[in-house]
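The listed protein sequences correspond, in order, to chains D and U.
Last residue of the first sequence: number 472 in this note's numbering, and the count goes up by one each step with no gaps.
Last residue of the second sequence: number 576 in this note's numbering, and the count goes up by one each step with no gaps.
Hints are computed from structural coordinates only; laboratory data are not their basis.
Just to be clear, a hint being listed does not mean it is correct.
As the list claims (entries may be wrong) - Some but not every residue of chain D turned toward chain U, in silico, with C-beta under 8 Å:
(1) Ala74
(2) Leu78
(3) Leu177
(4) Pro181
(5) Asp410
(6) Val413
(7) Gly415
(8) Leu444
(9) Lys446
To be verified - Going by beta-carbon spacing under 10 Å, a handful of chain U positions derived as facing chain D:
(10) Glu494
(11) Glu542
(12) Arg553
Think of the CB as a built atom: it goes at the ideal place given N, C-alpha and C, for glycine as much as any other residue.
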Amino acid sequence: MKDMSYAGVMARKNEIMKKALRMDYEEFEGEGLTFDYEGMMEKAGYSMEDIRNIQRSSSVGDTPLIELKNLTAAARKLAGPGKGARIFIKDEASNPSGSFKARRASVSCYYAKQKGYEGVIAATSGNYGAAVASQANMRDLKCIIVQEVYDSSRVGQPEILEKGRKCEAYGAEVLQLTVGPELFYVFLRTLEETGFFNASLYTPFGIAGVETLGYELTEQVRRCCGRDPDAVVVTNAGGGNLTGTARGLLKAGAMETRVIGASVDLQGLHMASDRDFNRKSFTTGHTGFGVPFCTWPDRADVPRNAARPLRYMDRYVTITQGEVFYMTEALAQLEGLERGPAGNTSLTAAFAIAQEMEEDQVLVVQETEYTGAGKHLTAQLTFARERGIEVRRGNPREQIPGENILLPSDPSVIGVQDLDLDHLRRSYLKNSLKRNGLQSSELLEKELDFLGLEIKKNRDYVRSALKELESR
Amino acid sequence: MNRKIPARAWVQIESVVLRPEERAPNVPEETRECPLLLWVKGFLKEEALPGDTVEIETIIGRALSGKLLEENPPYEHDFGRPITELLTVKEEFRRIPAKGGASQ
Chain D
1 MKDMSYAGVM
11 ARKNEIMKKA
21 LRMDYEEFEG
31 EGLTFDYEGM
41 MEKAGYSMED
51 IRNIQRSSSV
61 GDTPLIELKN
71 LTAAARKLAG
81 PGKGARIFIK
91 DEASNPSGSF
101 KARRASVSCY
111 YAKQKGYEGV
121 IAATSGNYGA
131 AVASQANMRD
141 LKCIIVQEVY
151 DSSRVGQPEI
161 LEKGRKCEAY
171 GAEVLQLTVG
181 PELFYVFLRT
191 LEETGFFNAS
201 LYTPFGIAGV
211 ETLGYELTEQ
221 VRRCCGRDPD
231 AVVVTNAGGG
241 NLTGTARGLL
251 KAGAMETRVI
261 GASVDLQGLH
271 MASDRDFNRK
281 SFTTGHTGFG
291 VPFCTWPDRA
301 DVPRNAARPL
311 RYMDRYVTIT
321 QGEVFYMTEA
331 LAQLEGLERG
341 PAGNTSLTAA
351 FAIAQEMEED
361 QVLVVQETEY
371 TGAGKHLTAQ
381 LTFARERGIE
391 VRRGNPREQI
401 PGENILLPSD
411 PSVIGVQDLD
421 LDHLRRSYLK
431 NSLKRNGLQS
441 SELLEKELDF
451 LGLEIKKNRD
461 YVRSALKELE
471 SR
Chain U
473 MNRKIPARAW
483 VQIESVVLRP
493 EERAPNVPEE
503 TRECPLLLWV
513 KGFLKEEALP
523 GDTVEIETII
533 GRALSGKLLE
543 ENPPYEHDFG
553 RPITELLTVK
563 EEFRRIPAKG
573 GASQ
């Protein structure tokens, strides 16, 4: 009789994962704290052409790139003469399940089918659930989605309720849970019971699927503007969107394109708190995931996370909930595109960043997502008000997440706040030493080089950052 | 008042996955005071009353058990109310004065 307690199942994690992925992560482990990241990514075993073919065979990708002419004109008025980059948006809502997540799900479902799995499981309260359910249908696989939905009074965010409905619409079995990190326990237990494939967001397949996004948008910008994109803004949560897009840009040869991460600032709210759960209006794309996953990617539901955003990020900014809702309305009112708020996190940052850039430059917002009942600013702000959150016009800089949502008084107050990337890099280094039980003086040259790659810096940077950490 | 729900009806069940004392050590206090609950839908195996412990067959054919809640619960999320504060957004973008006297 197997031990099905929390501790018992968690202790079998590696064994369960191995069966659920048919991938042995041990083979990529190197000396000390190193591991062979590129080797692991290659293990996905699909070239860019393969992935594009897999995605085309299930109607994923090749989404339109739309120039936001009216928002660009507004940004230029605010920026002054000569300033204000052209803003483009990649309309990922036109993927089969309504978001870029179809790209991630497509490769996982293809692989699962090839390997003979009967079904797939994903743990997600986001758009990824619908993406897996939709792609599973195209590959004739069964599908289970494990969702964190309710607080202890059984109140759920309208956005998550809608995502649950959509998964059920695709014929998935949806396991809906109350708040808590033990969702992972339910996920493992279900993998073990069913023998299904772990369609994690964080496998090499999940990341390779997003590489086409960066690749496609580079081709599209070259075609319409005769140049590479100068910057791409990516909504950052678990890091996969950013990692995959950046890798795709590099594979397309867009070596100079700046990769900018953007998250909704939810500082002060605890993600595993029953009380805070429904006091936020964004269920993903926020700092509550974005920051911890940057500074320690291997907290994910696979032994080694293929999403490693600090390897690729040139800048990381935050914006506020109120600003994203305001820009979501602007996208509908000025550009005629009604899309879901969560996907407009990067759009909001882009509106501010475009004003810093020259007018001949090109800035790409690399996603949109579908909208509908629950997943709409009217639903989400109505829900926030019902929970006692104050919603009013004001200065977004004065927001307090969980207490108020300040809709900008006018477009000129929309701005980004830079997160200190050096601080995040040092946190990563600190976590890496701690998790591996190492002192910085013990590190081999090879380990220093590895850490450099992990944070997009060189050996000297790592050395001096470690020295600084030690002296504290 | 409770009426029996017939076999093969599409129902929702609830079960306790972890009691408060069984929860993970790292969860915040207010979360640890509550059990981890699970809801799932499926076809009821045998006729039963709400509140009974029952077995269901999920849409993909798995057998699961738990406390019977109700038959075919509705989706109740909606669009909420229009946000009147945002009705003027288009006008606010149109009214942006050009910085540095640029002609627009």
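Starting from the hint list further up, note which numbers the structure goes against and sort them upward.
6, 7, 8, 9, 11
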